Structure formats: C-alpha cells, structure tokens
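Undergrad: Whole structure, please, built from the sequences with the hints as guidance.
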Amino acid sequence: MDGWVLLCETDAARAGPHRVVVDGEGLVAWLAADGSPRVFADRCPHRDARLSAGYVEDGHLVCPFHLWAFDESGHYVGPDGVPDPQCAVPCFPARTQDGAIWVRIAPAPATSG
Numbered sequence: 023m024d025g026w027v028l029l030c031e032t033d034a035a036r037a038g039p040h041r042v043v044v045d046g047e048g049l050v051a052w053l054a055a056d057g058s059p060r061v062f063a064d065r066c067p068h069r070d071a072r073l074s075a076g077y078v079e080d081g082h083l084v085c086p087f088h089l090w091a092f093d094e095s096g097h098y099v100g101p102d103g104v105p106d107p108q109c110a111v112p113c114f115p116a117r118t119q120d121g122a123i124w125v126r127i128a129p130a131p132a133t134s135g
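Each residue of the sequence shown is one higher than the one before, starting from 23 at the first, in the working numbering.
Simulated from the structure, these hints should not be mistaken for laboratory data.
Treat the numbers as computed from the prediction; the structure is a model and nothing was measured.
Heads up, none of these hints are tricks.
Label pairs and their calculated CB-CB ranges:
1) Ala75 / Val44: 17 to 23 angstroms
2) Gly38 / Arg69: 19 to 25 angstroms
3) Val104 / Val43: 28 to 34 angstroms
4) Gly48 / His88: 15 to 21 angstroms
Ideal Cβ positions, reconstructed from N, Cα and C, are used throughout, including at glycine.
TA: See below:
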C-alpha cells in the first residue's frame, strides 16, 4: 500500500479510541459502527483535549472534556444530532489490511453532510 503507514492492530481500536503518535502527530484510531477504521487528529477543536481519552457512543467519538461528539466524518454533532460542517476534527484516510489499521498522514478534507 504505497504511501500508507502502519498505525496499529485493528483490535487496539476495537477496544476503544487508541492513541498513536506518527512523526510527532498525535492520532486517534477508532472503529465506526460498521467496523471500518477512522483516524482523526487526537485533539478536540473545542479545548484541545485528547480525543483518545474519550469513548465511542452511538457511532460518535466523544471528547472526555466537555462531551463534544464527532461523527465518522469528523464533524461535531450537536445535541440535536445534526452535524456541523463548520466544526470538524482533521481526518486521515484509513483502511484495514492483515489485521491492522493503515493511514495516510495527509489529512483528508472533512466531508459535508
């Protein structure tokens, strides 16, 4: 997988948000509801708390500091359940292969919707 970096074993993210540092960049790996990997920058845009210290609930990664939730695309999801395209965590392309999560370090743009 040219351009892809081995991040962690899939089981590490299955257990909950998993912090990994690559080239000095803190990343958090977690699994979406369908089991596909997600990799975000490991910092909440609200107060820079580590998202890896949070948890996954209802398909959202929840920050432990003020309980901000982010959907699988990295967008903040308010109490009304609607994603906010103006507030997002940097996301990185991720895939699984051979029981591991692989990531491209260049962030993918957050998608709207």
